[in-house]
Amino acid sequence: KAGVTQTPRYLIKTRGQQVTLSCSPISGHRSVSWYQQTPGQGLQFLFEYFSETQRNKGNFPGRFSGRQFSNSRSEMNVSTLELGDSALYLCASSGGTSGPPWETQYFGPGTRLLVL
Amino acid sequence: AQKITQTQPGMFVQEKEAVTLDCTYDTSDPSYGLFWYKQPSSGEMIFLIYQGSYDQQNATEGRYSLNFQKARKSANLVISASQLGDSAMYFCAMKGGSEKLVFGKGTKLTVNP
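From first to last, the protein sequence lines stand for chains A and B. The first sequence begins at 1 in this note's numbering and counts up by one. The second sequence begins at 117 in this note's numbering and counts up by one.
Careful: at least some of the hints might be erroneous.
[Claimed, not checked] Pairs of lysine-lysine, DSS-like flavour, derived with a Cα cap of 30 angstroms: (1) A:13 x B:119; (2) B:186 x A:57; (3) B:132 x B:216; (4) B:221 x B:189; (5) B:132 x B:224; (6) A:13 x B:221; (7) B:186 x B:224; (8) B:224 x B:119; (9) B:216 x B:186; (10) B:216 x B:119; (11) B:189 x B:216; (12) B:132 x A:13; (13) B:186 x B:132; (14) B:221 x B:186; (15) B:224 x B:189; (16) B:132 x B:221; (17) A:57 x B:119; (18) B:189 x B:119; (19) B:216 x A:57; (20) A:57 x A:13; (21) A:57 x B:132.
Derived by calculation from the structure, the hints in this document are not laboratory data. These figures come from a predicted structure and were not determined experimentally.
Turn these sequences into a full structure, and let the hints steer you where they fit.
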């Protein structure tokens, strides 16, 4: 089975712009979660989508949004970029069943976003 | 709220030796899962091992084992026979009733030849 794929892998934007990141989950997985990783804050949960609906949400401002399509692919959008949005954005997929037992999430390679 | 603490920012080990990476957690959930991931410099998070809070046996996956001590709320990762390719960041994470995966700050492991 192919793993989780993310595009693009690298991105450079300027403050005020917006950006869209894409994530294709493992075939058959219906849940996609997004995480932001920075040196200062570590790994932080952004949101989770399951069956085209946002099922869970972290503590990020409304500039961060996402969606999921009927084929389970997901996109994440960040509007009005700020310097602090520079980070590695990781998406992870899983089957989507609620625990216990708690499902393993499988991660993609990430998108490195640099905001200048 | 759930919290993961990894107190070792960096660890060094000689090739072929065993190493233990510490992880303690805090949660009020009666049921939870604990995970370890490896993140090489390339950035991808690689799943290593899972332990459910009600599992009677400690989890093992090849050279990885999880030393789970529920009363002490610890879930340490043991890597046996370290290899140069084991050099990476290692993250402990947990998931409980909130269904959110919460990560620790990580431990950077360096394997010396």
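Check each numbered hint from earlier against the structure, then list the numbers of those it violates in ascending order. Hints 1, 3, 12 and 21 contradicted; others consistent.
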